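Residue numbers (our numbering), protein chains in the order written: chain X, 1 to 315; chain B, 1 to 321.
No wet-lab data here; the hints were simulated from the structure.
Keep in mind it's a predicted model, so treat the numbers as computed, not measured.
From the three backbone atoms N, C-alpha and C, an ideal C-beta is built for every residue, glycine too.
Wrong hints could be hidden among the right ones.
As the list claims (entries may be wrong) - Some residues of chain X that are not near chain B, with every Cβ distance over 10 Å (derived):
| id | residue |
| --- | --- |
| 1 | P78 |
| 2 | A115 |
| 3 | G189 |
| 4 | D235 |
| 5 | Q280 |
| 6 | Y298 |
Stated by the list, open to error - In the BS3-like style, the derived pairs of lysine-lysine whose C-alpha atoms are separated by at most 30 Å in a straight line are:
| id | chain 1 | residue 1 | chain 2 | residue 2 |
| --- | --- | --- | --- | --- |
| 7 | X | K119 | B | K38 |
| 8 | X | K151 | B | K190 |
| 9 | X | K202 | X | K254 |
| 10 | X | K119 | B | K15 |
Spelled out from the first residue to the last, the chains are:
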Amino acid sequence: MLLARVLDDKFASLYRAGKIHGGVFLGRGQEALSVSIGLTLREGDIFAPLIRDQAGRLAFNEPLLDAVRTYLGSATGPMRGRDGNIHRGRPREGLLAMISHLGAMISVVNGGLFARRMKGIRGTVGAACCGDGATSTGSFHEALNQAAVEKLPLVMVVADNQFAYSTPTARQFACGSLLERASGYGITGHRVDGTDLAACLKVVGAAVANARADQGPQLVVAHLLRLCGHGEHDDAGYIDPTLKNSPMGRDCLKLAEQFLLEQAWADAAALAKYRGEAAQKVEEAVLTVQREAAPDPYSENWSALATAHLQEGNE
Amino acid sequence: MSITYLEAIREAQAKALADDPRVFIYGQDVGAFGGAFKATKGLAKEFPGRVLDSPISEDAIVGLAVGAAIEGLRPIIEMQFADFSTVGFNQIVNQAATLFWRTNVTCPITVRLPSGGTSGSGPFHSQTMEAIYAHYPGLVVLTPATVEDAYSMLLEAVAIDDPVIFCEHKFLYYHLKAEKLPSEALPVGKARIAREGRDLTIVTYSAMVHEALAAAAELQSEGWEVEVVDLRSVKPLDTDTVMASVARTGRLLCVGEAWPWGGVTSEIITRVVSEGYDLLDAPPQRLNAKDTPVPYHPNLWTAHRPTARSIAEAARKTLQS
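Kindly produce the complete structure, drawing on both the sequences and the hints.
In C-alpha cells form, the structure reads like this:
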C-alpha cells in the first residue's frame, strides 16, 4: 500500500513536471482494496487490474520497474513505448494488460480460466477489477453472465468509489447497491468497507477462497471514495466536501497506519522508516529508467502481426 | 461424391479439432444443435467438451477466445451471422487485434463470419464486413470463393498466430460444390487468376467471383476476353498479382458485394492508380452494392448487389472507354 502510494505520488509529480507523456491515474484511497486482491492471489492465478490498482499490481509481484518504464515510455519496458501508463502487463504470467474499454478485460479473464479447465489445470482463480462506472457496460454484464453459466472461478472486484470520472453513482445505476447484481447473475456477492484494510483482506480473501474451492464466480463490492481526480489532469472539484468528510472519505492508508500504531505493531519511527525505504526504491527505479533508451521509430518493426510475411506495408 | 462449401467448412473444423488438441469451437448454438447453418454438425459429439454453446454475448465470446489464446489454445469462434459481430467489434479490433503488438503475446483466434446476402435475409442477416475489419491493423481477413479455399484457408487460419477474420459466404454454402477436398493450396496472401483474359481485369472476391465469371462468359460471346482475379484474402491484399494482371489488360473493374464508401474496391483502385497509373488504358472502375441497408424482398435485393448482368454492363463501359 505504502509503496504504491509513494510511487503514485512520484508519478503525479513527474506529470506536473512534464516528464510523462499522456495521463497519470492514481489509486489514492483504493490501496486497501487493491492490495488485498494482490496479496490474496497466488502465483499462477490471473489478475486483470484496472487503472487504480498500483497496490494490487505490486502485491501480485509486478516489478516496480514495469510501472516506471511504462509511464516513462522506456523501450526496455514490457510495453516498449507502444502503450503507456496503466496499460501494461505480462499476459503470459497471468497479469493482463488492460485496454481502455471498460468491462472488456473480464471476459478475457474468463477465457484464461476456461482454457485452464479445458487443459485440466485446477485450483487457479482469476480476479478482475473495475469501478462503479464499468458496471453499466454491456461487456460487464456479458462477462459476468458468461462466468456464471460456465461456473468459472472468477472474482469480480468492484470499487464503488462514487464517481465514474465526474458522474456520480446516482446517474450510473438505479439499484440500491451494486451488490444486488450478484443475485441477478446467480453468483455470490460480498460487500466490504473499502477504507478498512483488515476488512478488505478478510472479504476478498473469502471470495478468492470460495472461487478456488469451485464455488463459482464471486462479486465483491467495496464502498469507498476516490481521493483524487479521475486522472491528474482532473481537480475533482465536483466532489462534495461532505462526502470527503464522511467515513467513506477516510484515507485507507492513514487508517492502516493508525491500526499499526494502536496495535503497537509499529511506532512512528518505524512508519517513517518504511516510507523512507519506499521513497528510496521509487527514486532508484526512476533514476534507472531515466537513463534507459526511448523507443526508436527507425528500429521499430511496425508490424501488428506475429506472422511477419502477412503484414501489409512490409513487403 | 461431391462436397459443398459448407461441408468443406465443417470438414476443416473437424480436421483442426482432430489434429490439434489446442483447438476448440465456441459460439451460439454450435454444440449439439450443430450451428444455425450446420457448419459444426456432429462435432460436439465427435469432440466432447471442445465444441461449446455460448450465451448470446458476442463481446464476451470474443473476449473469452482472447483469454484462451493467451493460455495457448486456438479457439474458433462462430458468429451466427457476420452482422452480429458488431456486438463483439470492440473485442475484435481493440482487444484481439492489439494484443500481439502491445504485449508480444500472440493471439491465434479464428472468427468465422457467415457473410453476405441471400434472398429474403434483410438488413441484419446479409452484411459483408471484410472492409471494416481490414481497416484495423492486427487482423488477417480472408474471403474464400471456392470449396477448396473454404477448406484450406480455414485450416490455415487456425494455424496462423494472429487473429483471422474468416468471411465465409452464405450464398455459396449449398450451391457451390467440388468433387473432393484439396490436398494442397495457394498460401494465404496470394490471389488466384480465376479466368485468364487479355482485354479487362475484374478484381473481386468471395461470392462475387462467381458473378464475375458468369459476366466474363457472357462477354466472351461478344468477343471480349476478360480476366478475373480472385483475391482470396483481402488483408493482406496481393497487389502484385493485381498489378501483373492490369499490366496485361490495361483495364480494371473492381467488384465487391460490400457498400461503396471506402473498402476493398476503392483500396485496389488506389493502389493500381498510385503504383501503376501508366499501365492503365482507361479510368479504373468499380461496382459495389448500393449505399443503403441490404433489402429484404428478392426484387430489391437482386438490384441492390452486383450481379453477372450488372457486372457485364459495367465491364462493357470499361472496355469501350
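Taking the hints in turn, this is what the structure says about them:
no. : hint                : in the structure
1   : P78                 : violated, 7 Å
2   : A115                : violated, 4 Å
3   : G189                : holds, 20 Å
4   : D235                : holds, 29 Å
5   : Q280                : holds, 30 Å
6   : Y298                : holds, 18 Å
7   : K119(X) <-> K38(B)  : holds, 27 Å
8   : K151(X) <-> K190(B) : violated, 44 Å
9   : K202(X) <-> K254(X) : holds, 19 Å
10  : K119(X) <-> K15(B)  : holds, 20 Å
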